[in-house]
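Residue numbers (this note's numbering), protein chains in the order written: chain A, 1 to 102; chain B, 1 to 645; chain C, 1 to 199.
Errors might be hidden in some of the hints.
[Claimed, not checked] Lysine to any residue pairs mimicking SDA-like chemistry, simulated, CA-CA at most 20 Å apart:
| hint | chain 1 | residue 1 | chain 2 | residue 2 |
| --- | --- | --- | --- | --- |
| 1 | B | K168 | B | V244 |
| 2 | B | K567 | B | A33 |
| 3 | C | K24 | A | N95 |
| 4 | C | K24 | A | S57 |
| 5 | B | K377 | B | G546 |
| 6 | C | K132 | A | G56 |
| 7 | C | K132 | A | N95 |
| 8 | C | K24 | A | V37 |
| 9 | B | K168 | B | E144 |
| 10 | C | K24 | B | R625 |
Think of the hints as simulated: they come from the structure by calculation, not from any bench.
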Amino acid sequence: MSAVPISWYLLLSAVLFGIGAIGALTRRNGISIFLSVELMLNAANLTLVAYARQLGSHTGQVIVFFVMAVAAAEAAVGLALFIAVFRQRHTIDVNRMNLMRW
Amino acid sequence: MLQLLWLIPILPFLGAAINGVLGKKFPKPLVTAVALGAPFLSLLLALGCLWEFSQGSQDSFELTKYMWTTGDLSIPVAFLLDHLSAVMLFIITFVGFLIHVYSVGYMAHEEGYRRYFAYLNLFMCAMLLLVLGNNYLVMFVGWEGVGLCSYLLIGFYYDQPFPPYAGKKAFIVNRIGDFAFLVGMFALFANFGSLTYQDVLPKIVANPGLVTIPYVGSFSLASFVALCFFIGAMGKSAQIPLYVWLPDAMAGPTPVSALIHAATMVTAGVYMVVRSNAIYQLAPGVSLFVAVIGALTAIFAATIGIAQTDIKKVLAYSTVSQLGYMFLAAGLGAYSAALFHVMTHAFFKALLFLGSGSVIHAMSGDQDMDHMGGLKKWMPITRWTYLIGTLAIAGIPGFAGFFSKDEILHAAAANGQWILWAVGLITAGMTAFYMFRSYYLTFEGEFRGTHEQEHHLHESPPSMTIPLCILAVGAVVSGWVGLPKLVSAVNHFHHWLEPVIASPGGVSPAEHEMGSGAEAGLIAIAVLVAVAGWLAARSAYGGNKGLATGNAWAARIPVLHRLLLNKWYVDEIYDVLIVRPLAALSRFFWKAIDTFVIDGAINAGAFLTELTGDVGRFTTTGNVRNYALYFFLGVILLFWWVAFG
Amino acid sequence: METLIFALFAALALGSAIVVITHKSPIYSTLSLVLTLFSMAVLFVLLGAPFLGALQILVYAGAIVVLFLFVIMLLNVQKEETAHIDRGAQLWTALLGVAVFLGMFWLAFWRTGLRLGDSAPPAITQELVSLKGLAAELFGAYLLPFEMVGLLLLVAVIGATVAARRPGEAGSLQEEGIYASGEPLGEPAPPTPRKEANR
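Can you make the complete structure from the sequences, with help from the hints?
In structure tokens form, the structure reads like this:
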């Protein structure tokens, strides 16, 4: 079995991260932004696991563990905030949330 | 006792400090005690030191207190008591103390009593530093100090508009001289590495070639330094063209005029020239210049004094004139004559000023002689002492001024400077005239003032009259130490000063002799001129004539009279030629450079900041996605810096 | 074989990622994300971290995505309310930024010596795959962070509960006056005219 070089995993991870970044910056729907952020987090996770394999150490996997936990917490709180905002504005279009205009 | 020499300037300083800092809480008698106690102790110390010094065999006594060091410059803070500074020390402490006593009576009702005495004590300290210092820098410290105190005391009545202006004028005009003095000191230091008299002057005496080599252009070092020093003296001792501050300085209290602008501060220039006589002897061109300026000043001021109606102005111009005499003598190499005149002038001028203060006090502050007259009825002591002062300044034989003025005229004649002699002679005549004019207008004839003033006329209290009497004695007696050769083989004063007068290269100052017949003849001419001046004054103003004759004479020469009364419009000329252009230049610098360029630059900075804010606020769109973009861009920069920075 | 699996699931991940960011409907985006997460799980297993692969499906796909779906349903986010990706400055700046970012990545990793090239990775060891090894590291060196993450989750739970409370309930944010009035804010209110009489 020919093994896949780690660099390919890293490349994939970078591209996924890029896609996620574009999504986070350009979508108008708040939920969609969140989804893009989750995508970025996953890309980072892939990088960490790839290095864990390369270096033969468990540390990378441990970090992924923590990242997942934090991502969960973040998603929960973020969605709760969205709910709260939605109750006031009846919209989750981020363009409409512009009270801090000059 | 001589070891305590350093206390002599310090005690008045302490008096000034105590009265200045704590005096507000003192009751008035305590203020007086401190203010009088300090100069009195200085006087006692001075007398003690002088006694010890005269008993000893040394020519000088030096006491170094401290070395003032910055970098590689080391100046000793040290005091020198030699024959020259001994004379000055005596004059300053003695006359100074008497004037302090007089001020107690004169300033008794003043609001600023404590402040006055603090300044006056400070002045004593500075003046004593000036004469007791053993190097030019300590002298300069005292020089500046007396300038400061002069400013403070001239502008004493600061609630009126004119006195502060007069104080400023004095200080600024002095500054011009001080600058030249500094330049001279720099030149001296650059060439000798020291400013101490006993370092520099003996070297010059032993080796005149050191200073006669060309230094600046065709000026030798000696000429350059001598000229710079003399310009300093012009400012401090009110010679042409820097005399204009002294008449306006009469805005200060009269005892101040007596002490500072008659007896002591203005003589600092003469002291400085006499101290540096070694340098002046090696700079004949500059010395002649000094003599000419002195003579010119003497006659010029005398012409103005003739026409003045304010009694203090008359005395002020007479001071300028007498100072001219002193420089005339110094320029001719007759240094002991110059110092002799300093001493006699201190006595009779202080006497005259204090007498005028007594008169002004009685006249409820009125200084105009047109309102005075016949005061001898109310103020006998003042009248007799003032008369003695007038006789002294006019050069009537027997009184002090005669002896010193005679020496000066003799010096001019003996050196063949007949023009200068003539100028001095004419000035002596004018001096006699205007001084007796002031006497007659004030004390003789009918009283010309208002009724209220008449009711108020009274003799002054003893605190004022006793100093007058003591000074009157001095005005007579002080001349007897310098009797001319005709009368006494030994001129004690001249003999006392001999160790200080240098003989550079072994040549003593030109002391040409005249035959005793010629000398007697010249003295007789001088006396005749003085008496003629007196008689002219008496015929114009004596008896009950009052102002009538004087006014009639003035009416016959209206243009000249107006010129004299307005002091030849010198102040106005200075205003147009110097003051206004400078003011315009200052205004230019203010409006164009300060407001426009400097403030503009600062304002531009503020404007840019505002602009940045005005433009930058557009980044706060309130749009979350924009913020996310900024976030992302920031992360890119951060990554760049971490990875490649 | 391994290469094949990798290529297949990498392509799947990429494709579904693109769908995530481009689809109009949020539901479809979310479901696409699930597909992406599955592909990632497979890649994790391929890389010798089966536990993490399982965890990925359990936590991410199973909990987080479900949460997303709940919220979408709750808020009844309509397809019409969303729009495509905005054209214009935002899009182009984002594309440019991402391009720059990736370029920097390439520079950092390939040029500065971190390149790993085409060399084969070391073989998967039993040690690497074992849960025991992972647990030993987790509860050994990283015990403190582990506990702190637990605390973090607690805090998140509390925060989410508080933030999402219905307005009007006891102790709700509305009552505490954080929102000025019960009305929807909508556009910013026009400034109230000042009624000063300062003539």
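Tested hints:
| no. | hint | verdict |
| --- | --- | --- |
| 1 | K168(B) / V244(B) | holds, 12 Å |
| 2 | K567(B) / A33(B) | violated, 42 Å |
| 3 | K24(C) / N95(A) | holds, 16 Å |
| 4 | K24(C) / S57(A) | violated, 42 Å |
| 5 | K377(B) / G546(B) | holds, 15 Å |
| 6 | K132(C) / G56(A) | holds, 15 Å |
| 7 | K132(C) / N95(A) | violated, 49 Å |
| 8 | K24(C) / V37(A) | holds, 17 Å |
| 9 | K168(B) / E144(B) | holds, 14 Å |
| 10 | K24(C) / R625(B) | holds, 18 Å |
Comparing the model with each numbered hint stated earlier shows that hints 2, 4, 7 do not hold.
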